[in-house]
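A.B. asks: Residue strings, one per chain:
There are 2 protein chains.
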Amino acid sequence: MRLLSSLTPLGQHFRFRLRIAISFQSHNFPRLFTMASSEESLRNTLSQKQSAVDAQANAVRALKAAKAAKAEIDAAIEALNGLKIEKASIEKKLQAVVTGAGGDGALNRESFRQAVNNTLERRLFYIPSFKIYRGVAGLYDYGPPGCAVKSNVLAFWRQHFVLEENMLEVDCPCVTPEAVLKASGHVDKFTDLMVKDEKTGTCYRADHLLKDFCNEKLQKDLSISSEKAAEFKHVLAIMDDLSAEQLGAKIKEYGIVAPDTKNPLSDPYPFNLMFQTSIGPSGLLPGYMRPETAQGIFVNFKDLYYYNGNKLPFAAAQIGQAFRNEISPRQGLLRVREFTLAEIEHFVDPEDKSHPKFTDVANLEFLMFPREEQMSGKSARIIPLGEAVAKGTVNNETLGYFIGRVYLFLTRLGIDKNRLRFRQHLANEMAHYAADCWDAEIESSYGWIECVGIADRSAYDLHAHTEKSGVPLVAHEKFAEPREVEKLVIAPVKKELGLAFKGSQKNVVEALEAMKEKEALEMKANLESNGEVEFYVCTLGKNVLIKKSMVAISKEKKKEHQRVFTPSVIEPSFGIGRIIYCLFEHSYYMRPSKGGDEQLNVFRFPPLVAPIKCTVFPLVQNEQYEQVAKVISKSLTLSGISHKIDITGTSIGKRYARTDELGVPFAITVDSTSSVTIRERDSKDQIRVSVDEAASVVKDVTDGLRTWENVWSTFPHHASATAED
Amino acid sequence: MRLLSSLTPLGQHFRFRLRIAISFQSHNFPRLFTMASSEESLRNTLSQKQSAVDAQANAVRALKAAKAAKAEIDAAIEALNGLKIEKASIEKKLQAVVTGAGGDGALNRESFRQAVNNTLERRLFYIPSFKIYRGVAGLYDYGPPGCAVKSNVLAFWRQHFVLEENMLEVDCPCVTPEAVLKASGHVDKFTDLMVKDEKTGTCYRADHLLKDFCNEKLQKDLSISSEKAAEFKHVLAIMDDLSAEQLGAKIKEYGIVAPDTKNPLSDPYPFNLMFQTSIGPSGLLPGYMRPETAQGIFVNFKDLYYYNGNKLPFAAAQIGQAFRNEISPRQGLLRVREFTLAEIEHFVDPEDKSHPKFTDVANLEFLMFPREEQMSGKSARIIPLGEAVAKGTVNNETLGYFIGRVYLFLTRLGIDKNRLRFRQHLANEMAHYAADCWDAEIESSYGWIECVGIADRSAYDLHAHTEKSGVPLVAHEKFAEPREVEKLVIAPVKKELGLAFKGSQKNVVEALEAMKEKEALEMKANLESNGEVEFYVCTLGKNVLIKKSMVAISKEKKKEHQRVFTPSVIEPSFGIGRIIYCLFEHSYYMRPSKGGDEQLNVFRFPPLVAPIKCTVFPLVQNEQYEQVAKVISKSLTLSGISHKIDITGTSIGKRYARTDELGVPFAITVDSTSSVTIRERDSKDQIRVSVDEAASVVKDVTDGLRTWENVWSTFPHHASATAED
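In order, the protein sequences belong to chains A and B.
Every letter in the first sequence is one number past the one before it in UniProt numbering, and letter 152, counting from 1, is 152.
Every letter in the second sequence is one number past the one before it in UniProt numbering, and letter 116, counting from 1, is 116.
Hints in this document: simulated from the structure, not taken from any laboratory.
There are no misleading hints in this set.
All copies of an identical chain are treated as equivalent in the list; a pair is satisfied when it fits inside any one copy or across any two copies.
Capping the alpha-carbon separation at 27 Å, the derived lysine-lysine pairs in BS3-like fashion look like this: (1) K634 <-> K699; (2) K654 <-> K478; (3) K357 <-> K644; (4) K699 <-> K654; (5) K84 <-> K67.
Could you build all of it, start to finish, from the sequences and the hints given here?
C.D. replies: This is the structure we're talking about:
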């Protein structure tokens with residue numbers, strides 16, 4: 001079973017946006033709720049077998065009590081043992097099913113993760129931050145190779161999105177005043193539910209405890225009935241939708257206590273996940289470390305629109321740090337308190353979401369997981385993007401275009417296309433204002449991880465900031481010639497309304513003015529025929545009686561010279577750290593050393609992301625070879641190829657192993673003063689080239705101007721045995 | 001007068017480090033304290049002339065009172081008017097001197113700055129952050145062209161420093177736990193002195209108010225005596241050294257009040273400049289937004305040293321956001337609350353600070369401003385770097401190497417070498433532990449701005465973290481063969497000490513063990529001759545009597561296999577935002593439009609930093625030309641040249657003006673389907689090249705493979721008149 005529900009999206013980014021929309025009611029979640037049939041039948045068989053064991057044990061006891069013949073008793077015991085063996089076998093099968101696909105899958109995933117992470121930490125891809133002060137949960141440094149990979153990924157992101165699409169990149173501060181995040185909804189709603197150990201005050205995320213409890217039961221306690229198992233799975237599936245009260249009730253019902261102390265827990269209450277601070281010395285201007293970079297773009301919409309010549313569509317982009325004060329970070333590098341986001345806000349006319357370059361990506365095919373497939377319990381399947389948009393599975397061309405571009409971005413980085421899928425948000429996952437939303441999910445040892453969210457957020461964000469700031473964030477479409485339009489005019493007669501409703505007059509006026517066209521025309525008809533009509537004012541929570549004298553409703557013809565509208569925004573949002581971590585897992589493999597006595601670690605990074613592109617090894621420590629190495633190094637520098645010379649006397653095999661572990665794609669070994677070998681990391685193939693050519697061959701392959709296969713067929717091969725030792 | 005003292009270095013970064021060391025006493029600061037002689041003599045002349053005017057006015061009044069003859073009175077009035085005219089003329093001269101070199105220098109600087117900043121804001125190089133919510137002082141966004149410039153500067157920094165020197169780049173979080181910043185000294189000492197309006201509570205930086213008062217007096221009040229003027233200048237010069245009490249006393253003495261309300265002010269008190277927050281939900285783990293990136297490197301020293309094969313020297317580098325909660329940010333883009341730092345920590349054996357590549361930079365010559373020149377009131381002068389190091393002006397080769405590399409970095413970005421100087425810290429400016437410190441200062445409209453600090457900080461930082469974390473941050477030098485060393489051994493006899501000092505025993509033991517060699521050997525001699533000795537225990541604040549039986553002091557010979565030591569660190573620290581702002585000022589100029597009727601703005605960015613490298617203009621709106629433009633655009637994209645097509649029907653002259661304002665170096669105008677023109681921004685020279693060649697010519701000049709002069713002499717010229725209109 002894939003624990004999808006345990007993986008919340010890109011930090012709280014989507015979780016929050018999602019929470020705004022979610023109605024807190026139980027609902028079906030067929031994809032996860034449906035128990036795999038093999039598991040259900042195994043649980044049933046196991047429970048029958050247990051009954052059989054119990055019955056047979058009673059039978060043995062009865063025979064003994066009745067002092068039956070030894071042969072008879074022995075036969076009964078033998079039968080009992082047989083049943084026990086059968087039961088154990090079923091237990092083993094069930095254990096395999098509940099802990100992951102195919103036997104000890106979970107165990108494999110766990111040990112695979114351990115192997116990757118050991119290599120990553122040993123080679124300083126990551127370092128737990130402030131380690132000498134015992135670190136801080138959820139904070140990690142990128143060490144030298146990690147930092148190089150990150151900067152390569154970001155450079156490629158800029159190339160692939162910003163430059164390719166002429167996006168307007170901006171760079172806004174992390175420190176953000178409260179007003180901005182109040183408008184965006186973060187101050188009020190960017191929360192997780194927390195419980196406290198009632199005696200020690202230790203804090204826990206409430207849903208984590210409930211989740212752990214259910215998973216523990218499902219995975220470790222094989223004796224639970226299939227009904228109970230189904231219940232726990234249901235709870236896991238709807239976890240994100242539970243209100244504080246519902247979560248608290250479940251925690252009480254299951255008797256969940258503080259994991260460290262077994263003390264009772266407080267009721268769940270919301271904890272805001274933003275790091276709070278204070279701007280300036282007065283203490284009067286509260287601020288937060290931004291939880292996402294998007295808001296910096298939205299508040300600049302007016303200037304950016306002007307910069308773009310007052311034309312739509314255009315996209316703005318931002319790369320930067322974002323912060324979330326997680327209650328108790330888990331999942332290592334996937335759930336951190338500070339991380340790099342790369343976000344795009346593509347502003348588009350809501351009436352025209354076509355994209356001129358959609359044809360460039362329409363023929364791509366990849367794993368998609370539309371809403372319907374999820375609801376009907378099916379799996380993700382390969383769908384041509386053009387078809388998905390044509391059939392309306394993907395809401396519009398622009399959204400489709402970005403899905404395609406994200407696919408190209410991730411696979412070019414080295415993400416395995418078979419472990420990448422685009423999953424559409426279910427209706428209940430999506431914010432009420434969102435038109436459509438797809439997550440690029442990458443499969444890792446933790447399950448499917450949401451790494452990129454691609455959402456059509458309609459006009460929500462610009463609306464919110466327009467309202468709170470008073471600055472209209474709108475676009476204009478000038479008509480070639482003025483158009484005559486019929487406009488609904490609702491004119492409440494304030495004097496009459498004031499007399500009738502006194503203090504509530506304002507609520508009634510606002511409700512009248514807010515009527516949609518259909519409703520207003522119905523009221524007009526009713527007033528004309530009956531002279532009065534019942535009207536529900538939601539801010540008063542009751543009906544009022546509107547008379548004909550109180551409001552004039554009419555349709556008037558007007559000449560309009562332009563259309564003023566709030567643009568829709570389509571937002572691809574990239575969790576860079578998550579992508580990099582998944583990339584590490586997808587790139588990692590082990591292979592036996594030459595002697596076969598140890599397993600060597602390799603990262604198969606494409607040159608694009610490799611922390612350095614090439615190493616230069618003088619075969620033995622000698623002045624001449626080192627001189628050649630320096631000459632080659634100089635040409636590599638001139639060609640802009642990052643590289644490193646290793647003149648240690650270590651065996652060449654060990655030096656190869658060392659750089660394979662860093663994912664360096666090519667190694668140049670200097671074993672003569674005229675020609676050298678170039679070794680490719682994954683095939684371990686080696687060619688001989690002249691000293692003069694070495695740098696340019698590496699450059700060509702690194703820059704993608706030629707393939708290794710092409711190089712391999714051009715140059716003489718080098719017997720690997722020589723150099724590998 | 002250059003208001004150097006009003007420009008504090010790179011935010012509080014250096015200021016703080018400097019404060020640790022400064023002794024708070026008045027001292028001479030000759031460079032600033034010495035009043036320019038012309039000013040002094042003008043003040044004296046003015047004051048004499050004023051006396052003459054007063055005397056003559058009295059004479060006139062006396063004549064009138066005495067009813068003297070009209071001719072006599074008229075003559076006296078004429079003489080008075082003559083004196084007044086002479087006085088006005090002196091005033092004008094003095095005004096010119098005090099407000100800046102050469103007449104209305106300050107005014108010029110002010111209006112120049114206004115012109116640059118108008119262009120920068122209009123073209124969205126910068127945007128005041130959160131503008132629609134009225135912004136926040138000290139927070140700015142980089143808009144699209146500013147963001148592109150910034151990312152070019154950072155890419156070049158990475159190329160020029162990290163890749164060139166094989167530095168270990170790391171990327172640490174901004175959120176930092178208190179322990180780290182306690183150890184570094186920031187929690188206790190990273191403060192500015194603040195005063196509050198006693199009625200409204202508005203906060204001000206105390207030194208700002210005093211500084212404003214002195215400057216105002218010096219510049220606006222021409223009647224003050226030259227003694228008083230000298231006093232104000234002295235105060236300005238020693239401002240940074242004043243204690244809270246001294247600052248408060250001056251504020252009282254001068255009767256300085258709150259500028260907005262004229263209310264009285266509180267006494268000055270320290271305000272910590274770090275943004276404070278809380279990590280995790282418990283509220284028990286205080287954290288801060290890092291005030292510099294350096295600490296992230298220091299705490300990782302052990303891992304980085306290991307990563308480097310346990311070898312010195314090596315350098316680590318980090319680019320990232322840093323935060324300072326300024327009391328009241330001024331100086332626009334130079335003093336902000338969040339900014340990007342790029343810092344290098346080069347770790348080196350304190351016994352060998354030579355640098356293998358120093359010869360590469362030894363021949364560079366540029367403006368240097370050594371301590372002696374500053375103390376003796378001289379100016380910065382051009383000194384060959386090799387000479388500065390050879391003569392010991394610059395402490396060591398490694399420091400010198402980085403000074404040279406910084407010079408190359410800044411000038412290649414486009415910083416004017418005549419407005420760049422390296423100023424050595426005065427003895428009282430430098431931290432006590434620092435061996436030497438030089439600031440790269442760039443002259444801008446605000447005066448000389450410290451943009452890069454290059455300091456030899458000795459072992460201070462690693463020592464501090466070793467002490468607080470308990471993890472030894474040290475390096476090892478293995479000896480080829482063991483060395484015999486004499487070691488001082490101090491062995492307190494605890495039993496005897498315990499009997500003698502009881503509860504104070506521990507203090508005495510620690511004091512004994514802490515003795516330096518000289519002191520210990522003196523004690524040994526005294527004990528041997530007298531049997532006892534008075535010994536000052538500072539933690540007890542008194543002398544105690546040490547007897548011979550209480551301590552054994554000896555020198556022992558030991559074999560040592562390695563030397564264990566704390567490396568020195570040489571730290572070049574770059575304020576990226578300040579460098580970029582100065583670069584904008586140095587790159588900006590105005591030139592008349594073709595018709596001469598308006599002034600056009602130009603940024604003469606080198607291609608390296610230009611936000612985009614090239615624009616493509618179809619001369620007129622037509623299908624064919626747009627097609628050619630698209631073909632060229634495609635080749636430019638393939639060559640990795642960032643560019644933009646402008647197909648608006650605007651006149652070509654206007655389109656040139658528009659891109660000149662963004663500093664785009666080249667413009668390709670499509671005026672036929674076979675060949676096009678390429679225009680260079682500053683010369684406005686145009687050449688004709690074939691459509692096929694256009695992209696590669698631009699690429700070659702952009703990448704520095706050929707110069708514009710070379711291109712100009714190769715291709716046919718195009719009469720500029722045609723295309724400019």
